[in-house]
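Enquirer: Residues per chain are reported as follows:
Protein chains: 2
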Amino acid sequence: MNRAANIESVVIKRTVFFVSDQTGITAETMGHSLMIQFDGMEFRQLTVPFISTVDKAIEAVRRIDRVAAEEGIRPIVFSTLVQEDVRNIVRGSAGFFLDFFDPFLGPLEHELKTQSSHMAGRTHRMADTHDYAKRIDATNFALANDDGSVLRDYERADIILIGVSRSGKTPTCLYLAMQYGIFAANYPLTEDDFESRKLPPALESFSQKLFGLTIKPERLQQIRQERRPDSRYSSASQIAFEVRAAESLYERNSIPVIDATECSIEEISSRILDRTGIERRLRP
Amino acid sequence: MNRAANIESVVIKRTVFFVSDQTGITAETMGHSLMIQFDGMEFRQLTVPFISTVDKAIEAVRRIDRVAAEEGIRPIVFSTLVQEDVRNIVRGSAGFFLDFFDPFLGPLEHELKTQSSHMAGRTHRMADTHDYAKRIDATNFALANDDGSVLRDYERADIILIGVSRSGKTPTCLYLAMQYGIFAANYPLTEDDFESRKLPPALESFSQKLFGLTIKPERLQQIRQERRPDSRYSSASQIAFEVRAAESLYERNSIPVIDATECSIEEISSRILDRTGIERRLRP
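Protein sequence lines correspond, in order, to chains A and B.
Position 87 (the first sequence) corresponds to 86 in numbering that gives the first Met the number 0; numbering is contiguous.
Position 9 (the second sequence) corresponds to 8 in numbering that gives the first Met the number 0; numbering is contiguous.
Read the hints as simulated data drawn from the structure, not as lab findings.
Each hint should be verified, as a subset may be incorrect.
To be verified - Over 12 Å on every C-beta distance to chain A, these chain B residues come out as not near it, computed from the model:
1) GLY30
2) PHE49
3) THR52
4) GLU69
5) ASN87
6) ALA141
7) ASP146
8) ARG151
9) ASP152
10) GLU194
11) SER195
12) LYS197
13) ALA201
14) GLN207
15) PRO216
16) ALA239
What the hints assert, rightly or not - Okay, derived cross-link-like pairs now, EDC-like style, lysine to aspartate or glutamate, Cα gap no bigger than 16 Å in a straight line:
17) LYS112/B x GLU278/A
18) LYS112/A x GLU41/B
19) LYS133/A x GLU278/A
Quick reminder that beta carbons are idealized off the backbone N, C-alpha and C, glycines included.
Hey, can you work out the whole structure from these sequences and the hints?
Expert: Written out as structure tokens, the structure reads:
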């Protein structure tokens, strides 16, 4: 727990390369998970994607070596290179090389009693095409069933997020669609919905699919203030009323709820899946 | 290259757990990258997120052990557990345990001459809040500047994707927003735009920001056919005309172009960043 010590020490900036034979997203995810463990440090991050041939690998090595020479300190290289010939070339750069496959592929081959294909992701095109279609469908569904849309295709929805304006419904629905292929609709709770003490009529037959978002009034006010400064919409009293009314609606109707105030979209999405048990249609 | 051999062999199904102290997305990404290297195998995938305490770790171990006993073969456990006490408990399950941090954190600490914090992601709340706001801004921008919207805030756009209907503009813009915080607008090319041989007036001052999407007519026809079967919109001749006209517009105006036919959204997005050099505002 050297956290305090790290923060007080001088910030050292290191260059980090993400080298990949595909998009670089896995290498970025991997590298980022590790880098955030080093609180005191700053990193300059460069993504070098689509390094799928020996020629491109040599070019990537040149780029890494140039940075190493310029900065006088070797860059960190996070790589996800499946093809061994390509990986071994990049391994030979002046950078400090960490490949994602190195430590795991061997043990997994042994455990699964199967040789891995050592093929870059392009061999998985057919699966990708299928996933692509599922993701597009889910995204279109989220867009068509967003905040106040006329179309309310709740029959097809895996989940319906409800909450007051700016509580995070739209980005969460889109994330659920794009990341997991889930059909997520959302319904904005407005004053009309609070007048009666019952569920809005549009939602009545779908109570099992509802999931409530809530948010701390102070945070919501910041967000609304940016959007419509000094309006009724962004006033403390209006916001306090809406948030309280939404929360009591959730409680009366036994709707599960998550407080979005301090959660990232990923976290909200993942917690919703965890609590509802909805199956992912796609995997990253 | 045992690929053919693998495909022909009997498919064995193994259960895979993704255990994480956060959302599980990194563990899923890591596991997926490895699993797709084993073509012949099928995996049942279970995500166990938010394992951030010793009690939850013990519960996760019980779940893994139960599956091991039921299936008579040990499950694979991909974990991203930063806290050592939690990690060591899950390491003790009956599963075949691969933790993402194990092989990398030690070497990185040595290279960076810094102790890692060994703290679960929650300590990075402030950064997350900031990233959250950027992501929401970018997502709202993409939604407000989507296909045929009235608002065309191209001044603020990092990039403007153009293409015919259903060439993949909307999901790509949303992905660029959510994954990288990039402000991506899109403009649909229609017959009106093809009559003149010049850039559509709305785009004239922004030619440096344009990026074209194209798609093979056969694939586009499949997509449009699903949407409006047997219409002019989905007819072979109309589609061939539109795709040809769009491609010649790109060529005449030196607009970079990517063929989206066989690309995932991630790949289109990553290729666009790679070719334009647009800086990511967010990292995964």
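Enquirer: Compare the structure with each hint and give your call.
Expert: Quick rundown of the hints versus the structure:
1. GLY30: Not fine: 8 Å to the nearest Cβ puts GLY30/B too close to chain A.
2. PHE49: Violated, because the least Cβ-Cβ distance between PHE49/B and chain A comes to about 7 Å, which does not exceed 12 Å.
3. THR52: holds, 15 Å
4. GLU69: Correct as stated: the minimum Cβ-Cβ distance to chain A is 18 Å, above 12 Å.
5. ASN87: holds, 17 Å
6. ALA141: violated, 9 Å
7. ASP146: violated, 10 Å
8. ARG151: Given that every Cβ of chain A is farther than 12 Å from that of ARG151/B, nearest at about 18 Å, it holds.
9. ASP152: holds, 15 Å
10. GLU194: holds, 29 Å
11. SER195: For SER195/B, whose nearest Cβ neighbour in chain A is about 30 Å away, the distance exceeds 12 Å, so it holds.
12. LYS197: holds, 31 Å
13. ALA201: For ALA201/B, whose nearest Cβ neighbour in chain A is about 22 Å away, the distance exceeds 12 Å, so it holds.
14. GLN207: holds, 22 Å
15. PRO216: Fine: 16 Å to the nearest Cβ keeps PRO216/B off the interface.
16. ALA239: Nearest chain A Cβ is 21 Å from ALA239/B, so the label holds.
17. LYS112/B x GLU278/A: violated, 42 Å
18. LYS112/A x GLU41/B: holds, 14 Å
19. LYS133/A x GLU278/A: With Cα atoms ~14 Å apart, LYS133/A and GLU278/A stay inside 16 Å; holds.
This entry does not satisfy hints 1, 2, 6, 7, 17, going by the numbered hints stated previously.
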